[in-house]
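**Q** Hey, can you work out the whole structure from these sequences and the hints?
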Amino acid sequence: MKVFQLATFASVTVIILSACQSRSTLPPPVVVIKPKPPEIIEAPASITPPPPVAVKPPPVIHYPKGVERPRLSAYELRVISDKIYLNEASSNPDKLMIWAVGENFASVGIGHFIWYPAGEPKRFDETFPAMIDYFVKNKVAIPSWLVAARHTGAPWKNKATFEHAKNDKEFRQLKMLLLNTKELQTQFFFDRIHESIPQIVKLAPPQDRKRIIANYNALAHTKGGWYPLIDYINFKGKGTKASERYNNQGWGLLQALQEMQPVEAGAQALDEFSRATQAVLERRVRNSPSANNEKRWLTGWKNRTSTYRRSLI
32 MKVFQLATFA SVTVIILSAC QSRSTLPPPV VVIKPKPPEI IEAPASITPP
82 PPVAVKPPPV IHYPKGVERP RLSAYELRVI SDKIYLNEAS SNPDKLMIWA
132 VGENFASVGI GHFIWYPAGE PKRFDETFPA MIDYFVKNKV AIPSWLVAAR
182 HTGAPWKNKA TFEHAKNDKE FRQLKMLLLN TKELQTQFFF DRIHESIPQI
232 VKLAPPQDRK RIIANYNALA HTKGGWYPLI DYINFKGKGT KASERYNNQG
282 WGLLQALQEM QPVEAGAQAL DEFSRATQAV LERRVRNSPS ANNEKRWLTG
332 WKNRTSTYRR SLI
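First residue of the sequence shown? That's 32 in the working numbering, and the numbers climb one at a time after it.
Just to be clear, a hint being listed does not mean it is correct.
Subject to a maximum C-alpha distance of 27 Å in a straight line, what follows is the list of computed DSS-like cross-link-like pairs (lysine-lysine) [to be verified]:
#	residue 1	residue 2
1	Lys272	Lys333
2	Lys168	Lys200
3	Lys206	Lys168
4	Lys188	Lys126
5	Lys272	Lys168
6	Lys188	Lys206
7	Lys333	Lys254
8	Lys200	Lys96
Simulated from the structure, these hints should not be mistaken for laboratory data.
**A** This is the structure in C-alpha cells:
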C-alpha cells in the first residue's frame, strides 16, 4: 500500500489512498449540496405567450335624472322574501325547484328564476345565471359544479331528466342553498329593479318617460311599495325583451309603469299599480294565441296582483 502526501494547508493534510486501502473506521464526511437556483426557461420563439387576462370593471349604469333608490330595511327584506316565497312556491320547499309542463327551462328559487339547458331557445329572460353571480359576489359558498354550470346551462336537458334527478346530491345541494338564501335572493330582485330602470326608461316613448320615473319614485317612497315592484319584475319580467310581446305589446314592469296614471306616494300609488298590472295582464290574454289558453291563468294572476293594494309593512 502506497501513500502519497500531496500538500499541507493550515495543518490539514489531504491524503489520497490507493484503491487497495482498507475501509476507514471514521464516519464518511457530510457533503452539503447547495441547491441550484431555479432555471428560467424561455418560451420558444415560435410560441406566443398568452396575453394577460384583463379584469373587466363593473359596467357603469347611467340613471335618468330624478331616479331615486331608497334602501330596504332588514325587516322589509324578510317580509317581502316570505311573501314572494308564498306567491311562487306556496312556502313549500318541494316547490322551490320545478319544471313546468310544456316549458323548456327549469324554475328555481323563491322567485322561480328561469334557467335554460344548453342549446334551448331563450324566449323569456333567463335570470338564474345572474343569481349565481350574485351568490359569488356576496361570498356565499356554492358547489363547484354550480359555478361551472353558470356558463354551461342547467344540468337537466328536459323535464324528464329534471324529475329523475330530484334525489341526486347536486339537486339537494342546490335546493338547500336556495332555502338558506331567501333574503339574499330578494335583495337581488331589489338590485335588479334599480339596474333595469335606465333600460326601461330608454325603451319607453319620450312622452311617457317623466311619468314612468315619477310613478316609480312614488312606489319607492310608499310604505310597502317595494313589494309590488319586486314581486312584479320577478313575476312578469322587465318588459324589455322583444320576444316577450303579443301583437307588439308587452306585459312587464315597463308596461305596468307606463299604464299607471300619475300618482303621489301613498296608498293611491299601491292601488294604481295593482290596477295597471291587471290591465296589462288582461291585455296580454286578449293578445295571446287562442291555442295557448292563457285565460285559464288570469284569475290567479289577478289574485296575486290584488295583493299589491295593501302594504305588507
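**Q** It remains to establish, for every hint, whether it holds in the given structure.
**A** The hints, checked one at a time:
1. Lys272 with Lys333: holds (23 Å)
2. Lys168 with Lys200: Since the Cα atoms of Lys168 and Lys200 sit roughly 24 Å apart, the hinted pair holds (cutoff 27 Å).
3. Lys206 with Lys168: Given pair Lys206, Lys168 holds - Cα atoms ~20 Å apart, limit 27 Å.
4. Lys188 with Lys126: holds (19 Å)
5. Lys272 with Lys168: Status holds; Cα separation ~26 Å.
6. Lys188 with Lys206: holds (18 Å)
7. Lys333 with Lys254: It holds: about 22 Å lies between the C-alpha atoms, which stays within 27 Å.
8. Lys200 with Lys96: violated (49 Å)
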